[in-house]
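A.B. asks: With chain A's structure known, arrange chains B and C on it following the hints.
If you're matching them up, the sequences are chains A, B and C in order.
Using the working numbering, you'd call the opening residue of the first sequence number 2 and step up by one each time.
Using the working numbering, you'd call the opening residue of the second sequence number 673 and step up by one each time.
Using the working numbering, you'd call the opening residue of the third sequence number 109 and step up by one each time.
No lab work stands behind these hints, which were simulated from the structure alone.
Keep in mind that the hints are not guaranteed to be accurate.
What the hints assert, rightly or not - Only pairs whose alpha carbons sit at most 27 Å apart, straight line, appear in this in silico DSS-like list of lysine-lysine:
{"#": "1", "chain 1": "A", "residue 1": "LYS165", "chain 2": "A", "residue 2": "LYS42"}
{"#": "2", "chain 1": "C", "residue 1": "LYS170", "chain 2": "A", "residue 2": "LYS415"}
{"#": "3", "chain 1": "A", "residue 1": "LYS42", "chain 2": "A", "residue 2": "LYS56"}
{"#": "4", "chain 1": "A", "residue 1": "LYS200", "chain 2": "C", "residue 2": "LYS170"}
{"#": "5", "chain 1": "A", "residue 1": "LYS200", "chain 2": "C", "residue 2": "LYS197"}
{"#": "6", "chain 1": "A", "residue 1": "LYS415", "chain 2": "C", "residue 2": "LYS113"}
{"#": "7", "chain 1": "A", "residue 1": "LYS173", "chain 2": "B", "residue 2": "LYS714"}
{"#": "8", "chain 1": "C", "residue 1": "LYS399", "chain 2": "A", "residue 2": "LYS200"}
{"#": "9", "chain 1": "A", "residue 1": "LYS165", "chain 2": "B", "residue 2": "LYS847"}
Said to hold, decoys possible - If you want a taste of the chain A side facing chain B, the calculated C-beta under 8 Å gives, among others:
{"#": "10", "residue": "PHE76"}
{"#": "11", "residue": "GLU93"}
{"#": "12", "residue": "PRO96"}
{"#": "13", "residue": "THR98"}
{"#": "14", "residue": "ALA177"}
{"#": "15", "residue": "TYR178"}
{"#": "16", "residue": "SER189"}
{"#": "17", "residue": "LEU190"}
{"#": "18", "residue": "GLY195"}
{"#": "19", "residue": "PHE210"}
{"#": "20", "residue": "TRP235"}
{"#": "21", "residue": "GLY238"}
{"#": "22", "residue": "GLY256"}
{"#": "23", "residue": "LEU345"}
This structure is a prediction, so every number in the text was calculated from the model and none was measured.
Glycine residues also receive a C-beta, built at the ideal position from the N, C-alpha and C atoms.
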Amino acid sequence: MGYPHKSHERETPLLSKYFGDAEARTLDGWKKRGGYQALEKALAMSPADIVNIVKESGLRGRGGAGFPTGMKWSFMKPGDGKPHYLCCNADESEPGTFKDREVMRWTPHALVEGCAIGSYAIGAETCYIYIRGEFTEPLHWMEKAVSEAYEAGILGANAMGTGKRIDMHVHKGAGAYICGEETAMMNSLEGRRGNPRIKPPFPAVAGVFGQPTTINNVETLAAVPDILMNGAEWYKGMSLSNPKSTGTKLFSVCGNIRYPGTYEVVMGFPFKDFLYDVCGGPVHGRSLKAVIPGGASVPIQTMEEAEATLMDYEGFVEQGSMLGSGGVIVIDDAQSMVRVIARLARFFAHESCAQCTQCREGTAWTTKILERIRDGQGTMEDLDTLIDIAENMTGTTICVLSDSCATPVISGIKKFRHEFESLIVGKRIHAVTAAVA
Amino acid sequence: MTGIKSPDLASHDGHDHEPYVRVFEGAARQELDVLLGRYPTKMAALLPALWIVQRERGWVSDKGMAEVAEVLELTPAYVKGVVTFYTMYHQHPVGKYFIQVCTTSPCGICGADDVVKAFLQHTRTGELGLTSDDDRYTVIEVECLGACGFPTPVMINEEFIESVSPETVPEILAKLQ
Amino acid sequence: MSEPKMINLMIEGRPVSVPEGTSILEAAKTAGILIPHYCYHPSLPIPGVCRMCLVEVEKAPKLAPSCATSVAEGQVVHVHTERALEARKGVLEFLLINHPLDCPICDQSGECELQDYTYQEGRADSRYHDPKRFNPVEDFGGDVLYVPNRCILCTRCVRFMDDVANDTVLNVSERGDRALIGKFEGKDLTHPWASNVIDLCPVGALLSKDFLNKARAWELDRAASICPNCTQGCNIMIETRDNSVARLKPRPNEDVNKFFMCDYGRLNYRWMNRQDRAEAPLVRMNGVLSKSDWEGAIHAAASIIGNNNVFVVASPMLSNEALFLLSELIEHNSGKGAFRVATGEEAPLPGVEDLALRRDRAANVVGAELLGYTRMENPLSDLADGAVLIVADDDLEGLPADQIARASAVIVIGTVLPAGVESPAVVLPIANFSEEEGTFTNLRGRVQRFTQAKAPPGLARPSWLVLGDLLGALGAQTSFFLPGDVFANLAASRPGFAGLSYERLGLRGLPVVDAMAGAGQ
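Extracted from the complex, chain A is given alone in its bound form (with noise of 0.2 Å):
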């Protein structure tokens, strides 16, 4: 359901099929509507027959990566003597998107199940669900939803009366994008500042308190009990394209669009009938200029190749962006690219960790010049400063927030060179930033 609007015809709502019934928050009506059958079921099963099923699957991780659900589960050695965790990374905080609230907000139990079967599937008895501070609702819901789930012996020492232990936490953030990465979350957890860690140890190795450790995507987690529910090759026929890319994904789109909300639609939907036809166009008398498909960390698309993309892993990257967490954001004839860009780069400047110097230093000086331009004080040499401190910044450092501002950056002046042009050469373009009708 194209939450706030009532479905389209074109959507495939699985994971959204209950967004905006009320009913589906509570234990009794989530089991109504076939909740936790497919944990019943997997308590049944040997988590290596889930893994399987998962990777047969072909799920893909929905926080930004992509990386194969499966795969990354298959990391966990079982009988390692270690304990393993699991962590639900539910610190949505990229801009653009906000799918997995819609998700907590509307189904907790279905991210409850699907962390409860995927700590299964890992050997882990503990699962910490890491929603950020902002997301007050969300997190009263998951609580409530964890706590439900508690008292009904779904979780505990005795999780649905099969003896097997599976506890489960929500642990709520403070305020700090980066802990979306999930070294840093770890981090956070343990109480630290939420600093990404340098990668070897992989978190399957060395996670959260050390032992290993799997960090999966609300989204994701939640899609797995329709998965073992319905089977892989089920989940593998949802793909209109790229078989790499199966399924469903949850897109959010906001910005200068008609109906924003949150869609969920089959891999490889053409983004053209996307956006004008599910999510209704530009609103009243203007027309779309660019989208950043992927949250703010992906590479913005031209109108031209964003019409020409199909919507899963491959064919953003096909032209020239990435499928990133689904957040799409949608700009129109109205807005002044320096000014968007300003503004995201102004946002990666607040929320470095100050670990690398690149990015500590990098993402604020971009902010100067992007500020200082949009301001008519920009001069021609600060277009090439900006692409190469952007360069500089680009896969240099040990998480990708420094890359996630260089992006925006490179993308905006390559395909929209002359919004900056004209505001360095005194021609002011026409920038409204008011709220359209």
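C.D. replies: What follows is chains B and C alone, placed relative to chain A:
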């Protein structure tokens, strides 16, 4: 207006207690003990413990940090390093209503700046980060609240309000009275 | 223990073979290649944050942080390719955009790694035209001043306090480009080893208050030495300006002090610059102490000693060489030697095994014991009536003056005139340890050399030279032209020191092998 109702930050002190009144006594201590059981290390309870301090006192003072350090067997300097990393812990007293307006690009292109202006004007705080003379309001810009489809999302204390426009600001503030 | 597996790789075209698990940065060091770096320090955990040590590894898609990348068999590493140089140039530019570039008034200037690498690999200009970040200077307590504007956030100081001193008083505060090193109000850098953060800081962000604005790094003369302030024997560098000790710095020695020295040792150097020194040989003639030449003074002392019973009160700050020659004199005149030691509280550095500011606050307590001196609370209590008392650089402060009167005569061999000696017969002025060469034996029996850092005042002479001459005047066979000659004699005649020589000791020292068993510990 969706979102859960949360109580006002009841004890919005605005100053250090002299002598210091400990947070982790009685119920709060029990709450912390439950939290400690969830993690293999005491340090892991740091973020939750700081949340408790902020809930009880409205902000996290130096003395609050020192108390957290003591109960979790950390040093105050360590705790301070963590507190200053995360933006949601108030290191200074803030208004009774702490208003955070998202202005990151997706909201920015949908008019968030005007929402900020409206809040500054109607709360009479005048400037970002300052608290109004009656200690009621503090308005800040916040980075992406993760509700970009509902521009402009605003957080007032623990309450999340979607789709705020400059026109709805007075109404929202009136409800706080 | 099994032999570690050796990994072979090429770094800058040079074949390198190092144990498995070694970082590329350390491996490069073995080939004589210094990969520029800031956050990495061999004594600290590796955060890999400064990104300065990026190098190109063939077949790797990204540049590798050489501090945090382990060597692999057959790896080909390039330090100076265009790509690696460009990346490091970028890092340097980033580090400098908010840096005040105030080298002319910065104490670190001349020994600053930001300066060094910028000259070596950085841009000649800056493209940064925006306002710089500013934060005020902060007193971190202890001897440490923090200048945040110069800070490059390498976090060496934080990691030292966390992991080596086990006293987390520093943190990284804030984030993004607002980040800076912080501490908690009222909790200062008072740890007894805290000042090491000043040495660890690669730039001018952490400065010594004691050394503040005292000298430019390039004006200092440096001499390898041993900290004389306790029995640990930390290897140090004495840095002087205009024949005055300006500061002490630790000198790395893996076996003794790693890279560190304590604050007590570091700051306890002013006595080396004392102005009220004994500067000329003095001889009592007709009841009046008058200046003499060296030959006259030595002969006067020798004639007083003659064949009399002697009693030596020696300072445990004297070198092995001086104590050895004195012990020869004691043997010659069948006398006795004793010493006393000032003590204080022990202060270990938790992160380094067997490293502490020791209770005994003198350099050569073990040397004195090995050479036959008796440790006493009051060394004068053993002074027999009528013996000749030789006071060898003990200031006699706090000892009962009336006991001195038991001596038939008092000969002072020292840096200052001791308290309570009404009428020394002869005063032979000697150099203090910073003004001469010699060796100390530390509490683990390690013999370590120190070299001369400054000139002695007036006519004062090195202790070994004075004592050698005195022995000669007493009829012993001595011909010492260098302190090494004295040490050779010591090594030949005292079994514990057998086989040791200045050449073998080098500047890192060697342990006295069997002697410890007999040291009465």
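A.B. asks: Work down the list of hints and note, for each, if the structure agrees.
C.D. replies: Comparing the hints with the structure gives:
1. A:LYS165 <-> A:LYS42: holds (14 Å)
2. C:LYS170 <-> A:LYS415: Holds, because 23 Å separates the two Cα atoms, which is no more than 27 Å.
3. A:LYS42 <-> A:LYS56: Measuring from Cα to Cα gives roughly 17 Å; hence the hint holds.
4. A:LYS200 <-> C:LYS170: Holds. A:LYS200 to C:LYS170 sits at ~13 Å (cutoff 27 Å).
5. A:LYS200 <-> C:LYS197: Distance of about 24 Å is within 27 Å: holds.
6. A:LYS415 <-> C:LYS113: The hint is violated at about 50 Å.
7. A:LYS173 <-> B:LYS714: Between A:LYS173 and B:LYS714 the Cα gap is close to 16 Å, so the pair holds against 27 Å.
8. C:LYS399 <-> A:LYS200: Roughly 73 Å between the alpha carbons, so the hint for C:LYS399 and A:LYS200 is violated.
9. A:LYS165 <-> B:LYS847: Between A:LYS165 and B:LYS847 the Cα gap is close to 48 Å, so the pair fails against 27 Å, i.e. violated.
10. PHE76: At 21 Å from the nearest chain B Cβ, A:PHE76 fails the 8 Å test, so the hint is violated.
11. GLU93: holds (5 Å)
12. PRO96: holds (4 Å)
13. THR98: Where the cut-off is 8 Å and the nearest Cβ of chain B is about 7 Å from A:THR98, the hint holds.
14. ALA177: holds (5 Å)
15. TYR178: holds (7 Å)
16. SER189: holds (7 Å)
17. LEU190: Holds, because the Cβ-Cβ distance from A:LEU190 to chain B comes to roughly 6 Å (cut-off 8 Å).
18. GLY195: Holds, because the Cβ-Cβ distance from A:GLY195 to chain B comes to roughly 6 Å (cut-off 8 Å).
19. PHE210: A:PHE210 check passes; min Cβ-Cβ to chain B is 5 Å, inside 8 Å.
20. TRP235: violated (29 Å)
21. GLY238: Hint violated; A:GLY238 Cβ to chain B Cβ min 29 Å, cut 8 Å.
22. GLY256: Check passed: Cβ of A:GLY256 comes within 5 Å of chain B, closer than 8 Å.
23. LEU345: Hint on A:LEU345: holds, closest Cβ of chain B at ~5 Å, below 8 Å.
In this structure, the hints that do not hold are numbers 6, 8, 9, 10, 20, 21, in rising order.
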